[in-house]
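Colleague: For reference, the chains in residue letters:
2 protein chains.
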Amino acid sequence: MNGETVVQHKPRRGRPPKVEREFTDIRKALIRSGLEVITETGYLSAGIDAVIKNIAVPKGSFYHCFKSKQEFGTAVLNAYGAFFAHKLDSFLLNDQLTPLQRIEAFVRHAGQGMAKYDFRRGCLVGNLLQETPLLPETFPDQLKTILEEWETRVSHCLMAAKQCGELPSTADTGELARIFWSGWEGAVMRAKLFRSVEPLNQYWAFFRHSITTK
Amino acid sequence: MNGETVVQHKPRRGRPPKVEREFTDIRKALIRSGLEVITETGYLSAGIDAVIKNIAVPKGSFYHCFKSKQEFGTAVLNAYGAFFAHKLDSFLLNDQLTPLQRIEAFVRHAGQGMAKYDFRRGCLVGNLLQETPLLPETFPDQLKTILEEWETRVSHCLMAAKQCGELPSTADTGELARIFWSGWEGAVMRAKLFRSVEPLNQYWAFFRHSITTK
Chain A
684 MNGETVVQHK
694 PRRGRPPKVE
704 REFTDIRKAL
714 IRSGLEVITE
724 TGYLSAGIDA
734 VIKNIAVPKG
744 SFYHCFKSKQ
754 EFGTAVLNAY
764 GAFFAHKLDS
774 FLLNDQLTPL
784 QRIEAFVRHA
794 GQGMAKYDFR
804 RGCLVGNLLQ
814 ETPLLPETFP
824 DQLKTILEEW
834 ETRVSHCLMA
844 AKQCGELPST
854 ADTGELARIF
864 WSGWEGAVMR
874 AKLFRSVEPL
884 NQYWAFFRHS
894 ITTK
Chain Y
684 MNGETVVQHK
694 PRRGRPPKVE
704 REFTDIRKAL
714 IRSGLEVITE
724 TGYLSAGIDA
734 VIKNIAVPKG
744 SFYHCFKSKQ
754 EFGTAVLNAY
764 GAFFAHKLDS
774 FLLNDQLTPL
784 QRIEAFVRHA
794 GQGMAKYDFR
804 RGCLVGNLLQ
814 ETPLLPETFP
824 DQLKTILEEW
834 ETRVSHCLMA
844 AKQCGELPST
854 ADTGELARIF
864 WSGWEGAVMR
874 AKLFRSVEPL
884 NQYWAFFRHS
894 ITTK
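One line per chain: the protein sequences are A and Y, in this order. Per this note's numbering, the very first residue in the first sequence carries number 684; after that it's consecutive. Per this note's numbering, the very first residue in the second sequence carries number 684; after that it's consecutive.
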């Protein structure tokens, strides 16, 4: 605690004052812009100038919201993890489809997303995995936590697939979920190179066939 | 041909003159250093300063050997492709082992290589795949050519596996070779994050089990 006294403020009632709202709005806009830039360029090449250019705020505003590029990267990575977990839920908890159909729907959606941005944007987490050895030292643990959250979701979906007989009862769903994401990140890179959804679809077809063969 | 006359010089006999030897030696040393730097940092973040620092030559020498970072990157990528194809041959053409044992031996060797450099170095091609959208426009075709060369080698090995009964006779070896490399690049990234050979070994165990199950 560094000997400092931590004062707990009671939450204020009503609308926050204008300055605070502006701060929050700019912070959110910077994170949104950061999501785009880092998904395209990775963290190491991402320039603050590119981030603020998208939303036309002065550079001073950036450093008012974030002490450093590292603090900004942490916030963007958290935002991406949460955004993606929410997206996964929207597919993997959809009980209108069978569990394996849900994963397939996610795969198709991800392909459409990549095509929409002309295969310039892949997976922000994948970009950072590639850069791991050069990233600030707090990032790897953050990446592991995010991957675990995604793995848990896929693992639960695979458990549901077991229960309804889509998967053999012997399947190790935790292990398969880890392998799913490992291969997925490779397929996303390949989709970028070939500017095509084929690598994603081929990967899923192989994975699905592999796990359903008894 | 731009209207230029192309003069074919006869190869000179004997040792090349000293200046030419020095040029060739520096060029080779720069490429070797570039292989290390780009395998660690990717292309976009790779600084010429870092490349020349490793071998202590003045910056002028770099630009004497290469017109630009792009020309250098092209040479390094070619060198990596050739180096890796040669390495693959040393494993996949080893007839002391069965075809699938040869691929497994390559996987173990790759893991040892990553561990040796404390998981800071992964696959140079993987780094560039991730960076594809931002690379000079000649790089994607070069990357595709290199991947095809690797795929052909794995495909031939899988054909041999079919012939000796390690794989079902129905296996589409070309398709499986593409999937092998797609998943491999994902596993290498994961090995970097977890600083462990486990992701490589798990990936291979899954792939091997999948392709051998009839």
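Hints may be right or wrong, so weigh each one.
Identical chains share a label here; the pair holds if one copy fits it or two copies do between them.
[Unchecked claim] Cut-off 30 Å, straight-line C-alpha distance, at most; resulting in silico cross-link-like pairs (DSS-like, lysine-lysine):
{"no.": "1", "residue 1": "LYS736", "residue 2": "LYS845"}
{"no.": "2", "residue 1": "LYS845", "residue 2": "LYS711"}
{"no.": "3", "residue 1": "LYS799", "residue 2": "LYS827"}
{"no.": "4", "residue 1": "LYS752", "residue 2": "LYS736"}
{"no.": "5", "residue 1": "LYS711", "residue 2": "LYS750"}
{"no.": "6", "residue 1": "LYS845", "residue 2": "LYS752"}
{"no.": "7", "residue 1": "LYS845", "residue 2": "LYS750"}
{"no.": "8", "residue 1": "LYS711", "residue 2": "LYS770"}
{"no.": "9", "residue 1": "LYS701", "residue 2": "LYS711"}
{"no.": "10", "residue 1": "LYS827", "residue 2": "LYS701"}
What the hints contain is simulated information worked out from the structure, not anything from laboratory work.
Colleague: Could you tell me which of the hints above the structure violates, numbers in ascending order?
Modeller: As far as the earlier hints go, 1, 2, 6, 7, 10 are violated by this structure, in ascending order.
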